[in-house]
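Asker: Sequence:
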Amino acid sequence: MIQLYKAIFLLFKIVALISDFIMRIIIGLIRYSKFPLIMVAIVIVTLPLYLAAIFSFLISVGMADLLKREIDREGFYPEREGLKDFGYYLSYGSEKKG
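Quick note: the sequence shown uses full-length UniProt numbering, first residue 1, plus one each step.
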C-alpha cells in the first residue's frame, strides 16, 4: 500500500510542478506582452491548467498525509521498501516504534 501511495503522491507532485512552470511562463508573457487581449484569451483557454495545478497540489498534500499515516501504522523499514532516505522520512516523520 505504501508503494501505491508513494506513486500517486509523486505523480501529482510532478503534475503540480509542470503546471506551475507553465503558468509562470504564461504570466511572464502577459506581463511583457504588447497584445494583452490575446494573452488574456490564452489565460482563459489555459484555465484548466491552473485548476489542475491547484488540485494536484492539494491531492499531493493529502497523499503525503496518507503516506505518513500508512507508514506510522505499518512501521517504516527503508531497506524493505527499497528506499534509502526518502527525504529523511518526509522531513522527520514519526519515530520508529519499538
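Source of the hints: derived by calculation from the structure; they are not laboratory data.
Just so you know, even glycine gets a beta-carbon here, dropped at the ideal spot from N, CA and C.
Check each hint, because a few of them may be wrong.
Here are the computed lysine-lysine pairs in the DSBU-like style, where the Cα-Cα straight-line distance is at most 35 Å [stated by the list, open to error]:
hint, residue 1, residue 2
1, Lys68, Lys34
2, Lys6, Lys68
3, Lys34, Lys13
Cβ-Cβ distance ranges computed for the label pairs, FRET-style [unchecked claim]:
hint, residue 1, residue 2, range
4, Leu49, Leu10, 34 to 42 Å
5, Met23, Glu70, 25 to 33 Å
6, Ala7, Pro36, 18 to 26 Å
7, Ile30, Leu4, 34 to 42 Å
8, Leu29, Gln3, 34 to 42 Å
9, Leu66, Phe21, 23 to 31 Å
Asker: Confirm or reject each hint.
Answerer: Now the hints, each set against the structure:
{"no.": "1", "hint": "Lys68 - Lys34", "verdict": "violated, 48 Å"}
{"no.": "2", "hint": "Lys6 - Lys68", "verdict": "holds, 10 Å"}
{"no.": "3", "hint": "Lys34 - Lys13", "verdict": "holds, 34 Å"}
{"no.": "4", "hint": "Leu49 - Leu10: 34 to 42 Å", "verdict": "violated, 20 Å"}
{"no.": "5", "hint": "Met23 - Glu70: 25 to 33 Å", "verdict": "holds, 31 Å"}
{"no.": "6", "hint": "Ala7 - Pro36: 18 to 26 Å", "verdict": "violated, 41 Å"}
{"no.": "7", "hint": "Ile30 - Leu4: 34 to 42 Å", "verdict": "holds, 39 Å"}
{"no.": "8", "hint": "Leu29 - Gln3: 34 to 42 Å", "verdict": "holds, 40 Å"}
{"no.": "9", "hint": "Leu66 - Phe21: 23 to 31 Å", "verdict": "holds, 26 Å"}
The structure does not agree with the numbered hints 1, 4, 6 stated previously, though it agrees with the rest.
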